[in-house]
Amino acid sequence: MIVDSAHYKDGARQHDEALTPEEAAERAKTAESGEFVWIGIHEPEAGDLDRLAKLFDLHELAVEDAQNAHQRPKIEDYDEAFFIVLRTSHYHEDREVVHFGEIHIFAGANYVITVRHGPGSELASARQRLEARPDLLELGAASAVWAVLDKVVDDYIPVANAMEDDIEEVETDVFDDDVPAPTARIYNLKREVVEFHRAIWPLLRPLEDLEQGRYERVPGELRSYFRDVADHARRVDEQVMSQRELLNSVLQANLALVSVNQNVVVKKISAVAGIIAVPTFIASVYGMNFDNMPELHWHLGYALALGLMAVCVLALVAFFRRIDWL
Amino acid sequence: MIVDSAHYKDGARQHDEALTPEEAAERAKTAESGEFVWIGIHEPEAGDLDRLAKLFDLHELAVEDAQNAHQRPKIEDYDEAFFIVLRTSHYHEDREVVHFGEIHIFAGANYVITVRHGPGSELASARQRLEARPDLLELGAASAVWAVLDKVVDDYIPVANAMEDDIEEVETDVFDDDVPAPTARIYNLKREVVEFHRAIWPLLRPLEDLEQGRYERVPGELRSYFRDVADHARRVDEQVMSQRELLNSVLQANLALVSVNQNVVVKKISAVAGIIAVPTFIASVYGMNFDNMPELHWHLGYALALGLMAVCVLALVAFFRRIDWL
Amino acid sequence: MIVDSAHYKDGARQHDEALTPEEAAERAKTAESGEFVWIGIHEPEAGDLDRLAKLFDLHELAVEDAQNAHQRPKIEDYDEAFFIVLRTSHYHEDREVVHFGEIHIFAGANYVITVRHGPGSELASARQRLEARPDLLELGAASAVWAVLDKVVDDYIPVANAMEDDIEEVETDVFDDDVPAPTARIYNLKREVVEFHRAIWPLLRPLEDLEQGRYERVPGELRSYFRDVADHARRVDEQVMSQRELLNSVLQANLALVSVNQNVVVKKISAVAGIIAVPTFIASVYGMNFDNMPELHWHLGYALALGLMAVCVLALVAFFRRIDWL
Amino acid sequence: MIVDSAHYKDGARQHDEALTPEEAAERAKTAESGEFVWIGIHEPEAGDLDRLAKLFDLHELAVEDAQNAHQRPKIEDYDEAFFIVLRTSHYHEDREVVHFGEIHIFAGANYVITVRHGPGSELASARQRLEARPDLLELGAASAVWAVLDKVVDDYIPVANAMEDDIEEVETDVFDDDVPAPTARIYNLKREVVEFHRAIWPLLRPLEDLEQGRYERVPGELRSYFRDVADHARRVDEQVMSQRELLNSVLQANLALVSVNQNVVVKKISAVAGIIAVPTFIASVYGMNFDNMPELHWHLGYALALGLMAVCVLALVAFFRRIDWL
Amino acid sequence: MIVDSAHYKDGARQHDEALTPEEAAERAKTAESGEFVWIGIHEPEAGDLDRLAKLFDLHELAVEDAQNAHQRPKIEDYDEAFFIVLRTSHYHEDREVVHFGEIHIFAGANYVITVRHGPGSELASARQRLEARPDLLELGAASAVWAVLDKVVDDYIPVANAMEDDIEEVETDVFDDDVPAPTARIYNLKREVVEFHRAIWPLLRPLEDLEQGRYERVPGELRSYFRDVADHARRVDEQVMSQRELLNSVLQANLALVSVNQNVVVKKISAVAGIIAVPTFIASVYGMNFDNMPELHWHLGYALALGLMAVCVLALVAFFRRIDWL
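Protein chains in written order, with the working numbering: chain Z, 32 to 357; chain C, 32 to 357; chain G, 32 to 357; chain B, 32 to 357; chain U, 32 to 357.
If we strip away everything but chain Z, and leave its shape as in the complex, we get (with noise of 0.2 angstroms):
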């Protein structure tokens, strides 16, 4: 589904409505120097890609991988056109999952076509920004480039924001002694964030061609405000990958406490069993059958039997206290 398609020129954007993809490649073929179109697709249709590909000529090999999503994060630089692929971010945060989508770019001279997979980062915000520069918007195609990356990667803070809040959670979890060990919620966050850094790293290099100018078709004025995406993408994973190290630290922790407590447990246990076998004893004494046992004849034998027994397991319950058993 097209979303959206403009003519930006002079800094400005030219017509309110969509344009059609012809109208479009019509106007990216006689456009000039720092003037382009952008194109937005969200969940493509089957057929909308090789429109588009005939209409603005884009390499084959790009359109096959942006025909089906789960492609790696990366940007490529074929000498008429980068095609750029990003992965988006969204966390859900009912069930501690973070949902992937993906974004495609194809960007040439004068056009930028943009195709997003799945949920996150939807673009419209990130155009509405960019029309609000008309001083980046002259430098023509890249800079929708870099709203697009920019808008992209700003989404994945919240997104290690969101899990840095359940790791705190979860490290009050395993060290609660009263909630029992967390250790499918660690796992799963491990999951997370491995798959996260998966989506991140990749990134860093090629935006840090971006930020270093090797890229000689990307104007110099941007070479700022790449490095602000590259900067951030760096923190993002420098963050994600504290909380791999962190995470691995917990499942230990978590191991040993669960040792821990077993020997809490156990400890309370013996206690009482402890506390049981002393009468139990007492009572099997008292139960022989020797001729001469004078205790038995008493006329309180039987009720001191008892107070022994009660004296027995008080004195055991406060030795088991003393030294922490129970």
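Wrong hints could be hidden among the right ones.
DSSO-like mimics (lysine-lysine), calculated; alpha carbons at most 30 angstroms apart, straight line [what the hints assert, rightly or not]:
(1) C:Lys299 with U:Lys299
(2) G:Lys299 with B:Lys105
(3) Z:Lys85 with Z:Lys60
(4) B:Lys298 with C:Lys105
(5) U:Lys105 with G:Lys298
(6) C:Lys298 with B:Lys299
Using C-beta positions, here's what the derived DEER-type ranges look like [as the list claims (entries may be wrong)]:
(7) B:Met272 with C:Gly244: 26 to 32 angstroms
(8) G:Glu111 with U:Gln243: 37 to 43 angstroms
(9) Z:Pro150 with G:Trp232: 31 to 37 angstroms
(10) U:Ala215 with G:Pro150: 35 to 41 angstroms
(11) U:Ile354 with G:Asp322: 49 to 55 angstroms
(12) U:Glu76 with B:Met272: 48 to 54 angstroms
(13) U:Met272 with Z:Val34: 33 to 39 angstroms
(14) U:Ile354 with C:Gly338: 49 to 55 angstroms
Just so you have them, the derived chain G footprint on chain U, three or more residues with Cβ under 8 angstroms [said to hold, decoys possible]:
(15) 99-111
(16) 211-220
(17) 287-295
(18) 298-304
(19) 319-329
I should point out that these hints are in silico values taken from the structure, not numbers from a laboratory. Note that this is a predicted model, so its numbers are computed, not measured. Idealized CB from N, CA, C, for every residue including glycine.
Given the coordinates of chain Z, work out where chains C, G, B and U should sit on it, guided by the hints.
Below, chains C, G, B and U without anything else, positioned relative to chain Z:
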């Protein structure tokens, strides 16, 4: 066994039937740029390789390597020709084992010889796919190398995905209390993943060399195509690396859960032991032989004693239920 | 809040009182080489930064970063000026927590603006130390950058040492049988160490760039001074990395000791259980109702039975002592 | 002990009998390009090396290194000659230990001196193999270096494979419930693997230098041959690295299985304890001394009580069997 | 304290007695190429360094570093001179602790000042060894730097070997069932190894720079000698890295063995408990008060009951022996 042998010229196969090696060598010798022969061999018999080595003047070290399988994946540049070793993969679903085979490629200016060992990645489909692309065929022998690389690397993807599925099954098992800890299965998956990484990883650097045009004899038009292969290989390798890390964490989570599980068992056992010990103690008390034990002479003494035991048992069951030990 | 604002020329401060931002901007504009103004801000209020941004023509991306704390440590080169982010550290001894603040530096040819967020590394002392060194002051604005970097990095050292002390305490606790396993404390230290590494590590590469003179606008005379800072940063980072590794090992040693400890408890409990079980068994024997049990009719039968029990208990105690279970 | 000493010229050995060191040095001095002497020494006696050092003018640091074994594998370029240290390996099957020896090579323009310490990789076969290749012999002393490197690295392969077999045995043992946990054996294998990696790894970089022709004095015709050696070394090292990782996982799986095993034991014990406790309880009940216990007076009371016990025991056995505790 | 101070010219020491710092500075000023003074200081007193700093015009940052120990190992190039920090090591066998000292070297064109803190690597022997080598002495001050580096790095070797021995002892202890788990000792060794690595590792890169001739002022004749030092440092570091990895594995093996050991104890205890429970049960049976219990009236009833108990105990002992629980 020679599977197929064809002569390609002007982007098209010249004969339907297979050529003899001698015919193929003849045509390779007189071939012009963009013209080449492709001989495909499966499980070479004694003498096959020696015969081809003489006909095509293959380097002795490459021939020696090709004669016994179990080579390291690599792309070697003997000035006159390339020698390429690839590991093919095939996932055996039932036994959760990845079978690895090997493909060795001798690629000269006007000939390509592919030698396949073991199962996985049969090359007929790669050949067909290439024959449908005259534009690539015209670029000469390198296009056949691409076709084989593309086939082998694309065949890694379903294997990696199958392992992904197995890992998800294992995760479910680990966190399912009713299933015994799948330690052996986790370990076996780990083994597969390590082996798989060893098949892919050594290929990444030479693929990058191809992608960046470090080999002058490879036509520039193919660079995007080799980049596509390299990109897929990188994606699989990153997937495999994540799997490796996840399996490490699963192994640790598994250990924690085994301990938690043991804790649960110990609590249950202790509860039951306690529930038996208390009435046993009561019975011992009334087994004492004191003269003066009034309860013994009550008409309902026995019934009351049994009742007391039952009450204790029920109270204990309720108590242990509440503290979640039963 | 503007803390201080001064004009430096010919290696000396020109006025004791603080300049207004407008005055400072005026002087910066007309400044010659080696002459500069340094404005120090702590916890900037709304509008502070915008006002300075207009006066000194600061880059919008840098201003945006400076407005909200939680930036990644970095040195960014906007051709007209540097933007530097540093994380300051302050160790809160009681709670064993490192508090991190931030310092943002805008450094142009003739001005330095330092913006400090949060606690740690107040800069008055850095300014005083620099004012005592006319030879460095004469080198211009870069000397103020050095003074701040030097202060911040030197303040890392006591923090790292305090963590070193805490780790040593934790080690003592881990190996002391009378102290419960300090798992939570180990984990919290691990967290601090990871966070601390994240504050230092990203700074190492840009510091190395300064050390090796990659920024042409920085006077060569300062290279040794920046190398000194870089060297201290590296030392702290290496210390922190070692701490990280040690904490991992402590966590594992802790786990082993928890298990050993459990073993000791289990042995103790079992010994006691055995010690009770044996006399109970003896009592059971003499509770049997056989007609012909001669011991029952001995005059000293009961006393001998009790004696036998006592002997058994003593023998068992001695035995368990010898095998170190009690 | 000088094992062999020969003069090679025009691709052939000149004399069958061994030359004295003095004769060899004489011929080396007057040798033309492609002509060289090869002296092979095993376990040098006192004075051997000093004599050769004087005759061939060997560098003092190299001689010092060669005099005591336990050097790090390396290829050192003293402008007039190379000094090479290799670690040889030999797998002692019975004790599952890799024995390491060392070979030191002094290689000048017209001489090669090989000094072998300890067992493994005797060089007679390397010499024979080289003598069968006049085309390589003609390339001069470097061909002898290749022959030795090739022999040593090829001898790593059976060692790595033997360790592979041992690891597979260990895996079988770990997952076999009837075999005690082979912790010590896993650890010893780990030790071997670490040691082995230390023998191979330092060699990879200098071998790569040889492969890429960084040493000008080495004839270009040998580059493919050195690449072949480097490739084998890389393969073994990758195999060894995988083994290392697998052994880490085996150690962890082993730990999990020890815990699982303990769990099984605890369940079994508890089941048996429960099975005894119930009839004991029944016996205690009928040991009570109440006046009014009708069952006691039944003619079949005793038999019924025993029967009740038996029924309980059988029911419990069946129950524990069903929940898989017995 | 100034330990020694000498003037070297034409490869020989000029005076036996030590020069005063002022004399030394004088001669350094007028020295020609290949001529230098070497002042050795141990535990400098207040003022010592300031006096030398004035005489030899040492850089303030280097002097500041030299004044307080605990510097990071490094080689710093102040254009007029080098400042080198080395960590010396000394193994204290009894307490299994490595003591680290420091040596700081100021090395100009015609002077070398060595400042030693703490124990380990006293330099008199290094000076003597150098004085015996006129050929090296003639190369100037760099030869003294080499002599010190060589001494310090050679002194690492016995330390690394001593730790190797300790690790082997620890391994023996871990796998010896009669020795308690040496967790604390393993951890302490780990700590030593980490610390030791931190002393060596930072030196590797600057040593490589020396080896590859990156510092122009160092005579080329010394490159082989610096390479020899670098090679020894690399060897020790690789040894230490292996030790680190082995200690990690030992810690894990230790954990597994603690668990196995616990398992053994639990089995033993359970066996004993079972052996007591069975005769106790039998006694309980014959303590029942049924009217009709024929065995009770048998003349040998009691003896048979005791016999039955004995048989049960013996049978159980035999059974538990067979399944290896006792």
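Hint by hint, here is what the structure shows:
no.	hint	result
1	C:Lys299 with U:Lys299	holds (22 angstroms)
2	G:Lys299 with B:Lys105	violated (57 angstroms)
3	Z:Lys85 with Z:Lys60	holds (13 angstroms)
4	B:Lys298 with C:Lys105	violated (53 angstroms)
5	U:Lys105 with G:Lys298	violated (53 angstroms)
6	C:Lys298 with B:Lys299	holds (15 angstroms)
7	B:Met272 with C:Gly244: 26 to 32 angstroms	holds (31 angstroms)
8	G:Glu111 with U:Gln243: 37 to 43 angstroms	holds (39 angstroms)
9	Z:Pro150 with G:Trp232: 31 to 37 angstroms	holds (34 angstroms)
10	U:Ala215 with G:Pro150: 35 to 41 angstroms	holds (37 angstroms)
11	U:Ile354 with G:Asp322: 49 to 55 angstroms	violated (39 angstroms)
12	U:Glu76 with B:Met272: 48 to 54 angstroms	holds (52 angstroms)
13	U:Met272 with Z:Val34: 33 to 39 angstroms	violated (55 angstroms)
14	U:Ile354 with C:Gly338: 49 to 55 angstroms	violated (42 angstroms)
15	99-111	holds (count 5)
16	211-220	holds (count 6)
17	287-295	holds (count 4)
18	298-304	holds (count 3)
19	319-329	holds (count 7)
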